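With the hints as a guide, dock the two chains, each given alone in a separate frame, to form the complex.
Protein sequences appear in the order of chains E and V.
When you line the first sequence up against the working numbering, it's residues 18 to 295, in that order.
When you line the second sequence up against the working numbering, it's residues 11 to 121, in that order.
Using 30 Å as the maximum straight-line C-alpha spacing, the simulated DSBU-like pairs for lysine-lysine come out as follows:
1) V:Lys30 - E:Lys189
2) E:Lys57 - E:Lys272
3) E:Lys118 - E:Lys102
4) E:Lys57 - E:Lys25
5) V:Lys30 - E:Lys35
6) E:Lys270 - E:Lys189
To be clear, the hints were calculated from the coordinates, so they are not data collected in a lab.
Since we're looking at a predicted model, the values are computed, not measured.
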Amino acid sequence: MGQAGDDKGQVLVVTSGKGGVGKTTSTAALGAALAHDGQKVVVVDFDVGLRNLDLVLGAERRVVFDLINVINGFAKLSQALIRDKRLTNLYLLPASQTRDKDALTEEGVAKVIEELRTNFDWVICDSPAGIERGATLAMRYADAAIIVTNPEVSSVRDSDRIIGLLDTTTAKAERGERINKHLLITRYNTSRAARGEMLAIDDVLEILSCPLLGIIPESKEVMRASNVGSPVTLNNALSAPARAYFDAARRLKGKDIPMLVPSESRSFLNTLFGRKAA
Amino acid sequence: MSLFYFFRRGSAPIARERLKILLAHDRIECSHPDLLGVLREEILAVVGRHISFEPDNVRIRLGRCKTTSTLAVDIEIPNGCRQSDVVLRPNRLPFGSGLDSNVSTTNQWVI
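In isolation and in its complexed conformation, chain V is listed as follows (with noise of 0.2 Å):
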């Protein structure tokens, strides 16, 4: 980034910033289409082996920034939970068929 384009006036340097950052998106979609869906579906895979939580307060989000992204993992676990529960049902994967319609996923920009 040099200093002429600080300098530089009109949309281009908008168009590029805008172009950087969808095209980020882009190629994660592209190369692996489903990529949240299989993030999900693993990650409480792994967790609902111990501990036992709600599908319905699960949120999964995927932030973007300049730079870098983010990942973020929202799992209410009630307080009541206690690592018998964990011990007793260690196979356990908190979520059936109907996993789709209660997980909230979002694409988050971050600009």
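Isolated chain E, as found in the complex (with noise of 0.2 Å):
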């Protein structure tokens, strides 16, 4: 994909339509592997209401402003960015957590978001879950969108929803342009995949029909990262997960990375002490 070929950067949300398949994770993961290769980003929370971007990146004790402050005029958008401490050209803007979701319009969300486009190279916005005003909002000034899926019947079938919404919906859509869609596989179990267990991957791209991002197997490192505040790229960066996010990361930057499923390596005191260890 690569940027666009001006000085704005690149307007990607990150969206499922189901809840709890890992659209927040993602937003953050990205979002770090990005800026620790160099790039300048922004990522944003639409889940107006139940913010947890924040929370995920370790920032929650930093919140001051949010966008909904930023499309009132309460705040400027420089007052309500908050940097990363682990990596300086990481920045969040947090979402509200006592407005509720009318409380954004598409033209205050129009306005921050071309505002952000000027001064950062991604600008990633975390959706919520659902088709809601939030859900739509956050996609409807989207570039490119990152369809979050797991390989479960009820998340494709919402992600398959969502790509219709993405092309009729969206701000792009409506002008006769092509939305770029990727898909990010997560919690991705291989060797269920291989037992007929869970739907492979060939199977989730051949109902979709979309171009792959990356495949995030299912691992432990996830949780421990959400629960120390730190996005699981930079929390272990050798972990499966964060290698498959890094991985996706750089073909979002128009490189041309072979598609693996990243494993868990285990040491000899891992394999010796097994889960303890882990």
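Next comes the structure, spelled out in structure tokens:
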């Protein structure tokens, strides 16, 4: 995909329809991976009333102003942006925890996104679950979408619905352009798929007809990272999910990386102590 | 569909087939929420221009197989219907506001 031809950054929406599939985890992990590679990144939480991106990034105690404050003109964008303490070119624009999603206006979101686009290489919008106002506004001004899907029937069905919305209700679609779509399969278990207990990658790709951005293996590292408030790509960069997210981030930048499902490398001690050492 | 597919055990193949059928239906419904309703009105309007029939005796069904879907329109026409009826009432629409309750619309799931 790569960046737009001009100085402006790419606006991505991380969406899924279904909740709990890994949108926020993926937003944080990809944002941190891109920032780690030297890109200037802002991650924007669109889940008004149920914000969590701040928590996953470990910035929950630093939130002063939020997206709604900026839209209402109560705060400047620069006042609301939180700079990550580990990566100096990673920023967070948090959602409001107290207001409801109706406080988001189309004009307000357009203005904020446009301002972010001129200041960052990547603007990654973390969509709320569902297909209501918050979700449609999160995807409204996106150049490209990352559709997060678990290899499971309800998640695949909801992703199909979201793909339909991306093709019809986004600003790009209304201008007659096509929004770039990338499928990110999370919580994938290679051995269960091989045994036929879980939808295989090819099944999901055939059903959704969408190019694949990456396959994130199911891993304890994901929860461990969110427990301590760090994107998995920073918390343990060598872990299987982190390597998969780094590969996905490089593909976003247009690099041709072979599609592999990284597996956990088990050290001698890990093998010896099993779960306890993992 | 590879050979491997046939030998693969587990529930994933069932999930895959269920999803394929379901999504074909979802896509029609979402892109055109009232497709059956619109089809019904327009088909009845066209047929009603030429033949008079009782709205009670109309059945519209959308059937679905693995690779194709079928639209079946069953209209019972009284045997006494003559060509002259058609000519005499070219613009007659044989249904009114109460049509919805008279027409049976069923989804057949043929797998």
